[in-house]
Every structure is written in structure tokens, then in C-alpha cells.
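Sequences and hints are given; from them, build the entire structure.
Protein chains: 2
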Amino acid sequence: MIRVIRSIGQMKDLSLRIKKAGKTIGFVPTMGYLHDGHISLVSMARQACDIVVVSIFVNPKQFGPGEDLKKYPRDFSRDKKLLMKAKADIIFYPAVKEMYPDGYRTNVYVSDLSGKLCGASRPGHFNGVTTIVAKLFNIVKPDTAYFGQKDFQQQVIIKKMARDLNMGVKISALPTIRERDGLAMSSRNAYLSKVERKNAPVIYRSLKFANQLIKSGVKSSTAIRSAITKLIKSKPGFKIDYIAVSDPETLEDKKTINGRTLVAVAVYLGKTRLIDNIVVR
Amino acid sequence: MIRVIRSIGQMKDLSLRIKKAGKTIGFVPTMGYLHDGHISLVSMARQACDIVVVSIFVNPKQFGPGEDLKKYPRDFSRDKKLLMKAKADIIFYPAVKEMYPDGYRTNVYVSDLSGKLCGASRPGHFNGVTTIVAKLFNIVKPDTAYFGQKDFQQQVIIKKMARDLNMGVKISALPTIRERDGLAMSSRNAYLSKVERKNAPVIYRSLKFANQLIKSGVKSSTAIRSAITKLIKSKPGFKIDYIAVSDPETLEDKKTINGRTLVAVAVYLGKTRLIDNIVVR
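Line by line, the protein sequences give chains A and B. My numbering runs 6 ahead of the 1-based position in the first sequence. My numbering runs 6 ahead of the 1-based position in the second sequence.
Hints listed in this document are in silico derivations from the structure and should not be mistaken for laboratory results. For each residue, glycine too, the CB sits at the ideal point set by N, CA and C. Honestly, I wouldn't trust all of these hints.
[What the hints assert, rightly or not] Pair by pair, the computed Cβ-Cβ distance ranges are: (1) B:VAL102 with A:VAL285: 29 to 35 Å; (2) B:THR228 with A:GLU104: 37 to 43 Å; (3) A:ARG169 with B:PRO129: 22 to 28 Å; (4) A:GLY70 with B:ILE8: 46 to 52 Å; (5) B:ARG194 with A:GLU104: 38 to 44 Å; (6) B:LYS225 with A:PRO66: 37 to 43 Å; (7) A:PHE82 with B:LYS225: 51 to 57 Å.
Written out as C-alpha cells, the structure is:
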């Protein structure tokens, strides 16, 4: 039986007992509405750790004004079934008031990294992410926490935070899981209309094309950006938020492509914001 | 024998071993150049906990440009002797590069509270404090951490941080220790000239006078501030930074005095910044 815990105090006590028994905790923080990307993280935690904790919390702090906090998809009973099937042990499922009681005032932020890429379009977003992840780490006390590479910038920032603040949590970033047609799995894919869904795979196709161009010797990031833009714009309904050609660690823009390179894309397809990326070696 | 540890990794391992053995850790974070105020915190930790850890780290992040980081007094061998006498078990004494390696980027801050009182005169100061304390808590893993009430705002902010981020560390704030003539003990008292040192006790005298006024029915914070200013200015060499009459929890200014009230003073005596406070019940 999977255990559902809603109180911070109970979760902390349970984690302490698990640690005192000498067992390891693998942790997958999520906002729920789980897909195979999340489940792949749970499976990895299941293989590597004694106890698997999954949190489900739609974190208001990481949504900006006018973003999709209210309509963000939620379905706890479906999530619970998926997590039982994936053999998770504990679901930590706190209310917003439990995590952010009245008078809440503390923030964790990672400078430089948080203002680039998605951080430029979504000011405050990553501060919301690092704050909630710091809280969750303190509550759940994981040995290893699992994140998806689809949110590439997120895992870079969380690794930095964990190292800088000496949290003693290992951050494991796992490959993006995709639909058969290449679209990166995301809870936000549920927003797409039938036509949008049909056109969405062009995002990943454009990344694969960029990969080919780089492998064939293209060194100019401007050329790469143009090629991606052109391919995505060949389909209707897209607005490009950014196309970044960057260092995968510092997230600094690269003008000339050399060494490991992150190619990351954020687009609006209708009203839905979608992101994807590849790292070219 | 007292143990001196300079590496974060070693301190973390040792703390983990102590916790696994079921022992409690009492922690006193300091910037060294210890005085009886620090020692009273160590004594309390000694009484309440199995293992007492004291950190000595002059934290550059909490000093502003033009402040006294470089000349801040340091004397490790003297501190070590005092801590042996006080029966501390472990001194954690890391280098600056160990705590803030190249590329360090993460900050912890408590909004609202950090901008008031000392935070208004020392922008960034409390962000430096909360960041280093968050790191130290993660490294040392204390059950209880001890702070002095002389730095009243500091302990308010650290309590808030520990609660907000679910750190699981109890914060114990202990009364200010004073010289015989009433001057609050502070490592910065070492900066005072003979004449300044002779005049310094007027700070605490002015706070005691404020206490009397409030007890005798004065309700106007303006009247209290005037009385304190007048008394302090009766001695030469003082420049008042602020006099606050505030709520001891929110640190909000009180116009009319009612309930528990914090009266806090920051002055420059020559070039030395001194602070002191009382809470009137």
C-alpha cells in the first residue's frame, strides 16, 4: 500500500525514522498530473533507493501573474494509481497553506543562472522552484533527488543550489521521455488542441535538425537559431519565446559552437508554453 | 581534547556519525574573537546537548563595502583556549574558499524583516547572515542552535528562516551578556579607544531609561526616541544610526507603545558601530 501524507510534521518524522533505520530515500518532486517522464524518475529511484517518496504540489510561488496556476491540470486519484503501479512508497501531498502559512517570508535564489533562458521570460519562476525544493529537501531528507532533463535549466539550478548550500542531496538528472512522435512529455501537453498536438512535434524535429547541422560543422549559433525558427514557423500557431545556444553548465550564450552545447527552445503554441532541449556533444 | 575541523566534508561526516549514534548536537555559530556572550551560549549548549559544535567564520557575505571585514578582530588560538575551557567538543573553522568556492551563487533571504533596523543601514547584511547560517545548519546538522539577543533582529530573522524552510533546527535566543558597567559585550568593543569605552555605557543607560519611561506610562514612541537621543548625545563622539520602537516579532514600527515592545539602538561611536536593545513587557 502506498502511503499518502499531507502534514509536514508527519513527513519529517517518517523521513527521520527511515534514515535512523539506515535506509536510503529517493525523492521525486512533482506538480502532479504525472506522465511517463515522471514515472521514469520514480522507476530510477525505485531501483537505486530503499524508500521512494514522490511529492505532488502545484507550487504557486513558481507561477507568475497571468500564468496557468489556476488551470494547471490536477488529478490526484489518477496520480495515486500511477504511483502505486510504479511501486512508490510514499506520496507527500501537502496543501498550499501547509507549505506557505500566513507570514511566510523566506526565499532561496541562485543568482545569474536564474535570470537566463526561461528565467528571462518568467521572472521569479526559478526563485519559486529553488525555494520549494529547499523546503522539500528539508522535509523529505532524500539521499538522491530525481529531475528530468526536459527542464534542463531547472536541474542546473537545483544542482547549484544543493552544492552551494551543502544540502547533502545528490541530484540525478534523467533523459527526457518523449511521445512516439518526439514531443517531450509534459503535463502542459494536456492543454493542446488536436491540431496543436499534431503540429507540436516540430519542436523536437527542429532540435534534431540543429543537432545534424552542428555535427556537420555549423559553428554559428545565429545560423542554428535561424534554422530552428524557420522549421518551427513552417507550422501554424507558434510564437517563439527563445532559442538558446548555450554552455550547459553556466547557461551563458555561445556565439560560436564548441564543446558540449545546450540547444534549448521555448515556444508558445496557441496559449500553451512548451519547452524542449538537446545537448550536443 | 577539542577537535578542530576545517573541511566541510569532514564536518558533515562527523555530524552524520553523531546523529546516527543517537546523540544531540548543540551549535553556536560565531565570527570568533569570543567574549562572555558567546561563552554563555556555549555553556547553555553544553547543558542541553550531547555534543557542542562552535563555528568560527568571519563571513564576508554579511559585510558591506566599506565595512570592517578586513580589520574584524581575529585570534584563533585565544578562541580555542576559551572553547576548551567552556568544554566545547568541536570547532568548525573553515576557510572562506571552503565556504564560498569560485562560482558560488546561492542566497537565502527573508523578505520584509531583513530590510528593517540594521538591514536599512546595512543592505545585504542579513542576506549574508541567513545564507551562511543555512549552509552551517546543513553542514553541522544541529538539533538546537544558540544566538544572542544582542543581535535581536538576527535571531528573529533566523527563527523565521528555520521555520519557513522547515529546517528542523530549534533556535534558542539567550539574554545579552554585559560588562559590569552595562555595555553589551561585542567583539567590536575591541575597536573602542579608552575615552570611547568610558562613554559607551550610555547606550544601555538610555535603554534602561526608556524602559522606565514606558513602565511609567509613556506611550509615544517619538517621546522615547527623543529621550534616548538626548541621553546618548549628552556624551561626545556618538552618531545615531537608528532608534527603533518596534514589534519584537514583525519588527514593524510602533507609533503607540502597547504590549511587548522592542527598543533597539544602533550608534556609531567614532568609527565603531555598536548595537543594543531591550524588550519591554
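Hints versus structure:
1. Checked against the hint of 29 to 35 Å, the C-beta distance between VAL102 of chain B and VAL285 of chain A comes to roughly 33 Å, which is consistent with it.
2. About 42 Å separates the C-beta atoms of THR228 of chain B and GLU104 of chain A, a value consistent with the hinted range of 37 to 43 Å.
3. Between ARG169 of chain A and PRO129 of chain B, the C-beta spacing of about 27 Å keeps the proposed range 22 to 28 Å intact.
4. Between GLY70 of chain A and ILE8 of chain B, the C-beta spacing of about 51 Å keeps the proposed range 46 to 52 Å intact.
5. Our hint of 38 to 44 Å for ARG194 of chain B and GLU104 of chain A holds, since their Cβ atoms are close to 42 Å apart.
6. Separation of LYS225 of chain B from PRO66 of chain A is about 40 Å and conforms to the stated range, judged on CB atoms against 37 to 43 Å.
7. Distance hint for PHE82 of chain A and LYS225 of chain B: a CB-CB separation of about 53 Å, consistent with the stated range 51 to 57 Å.
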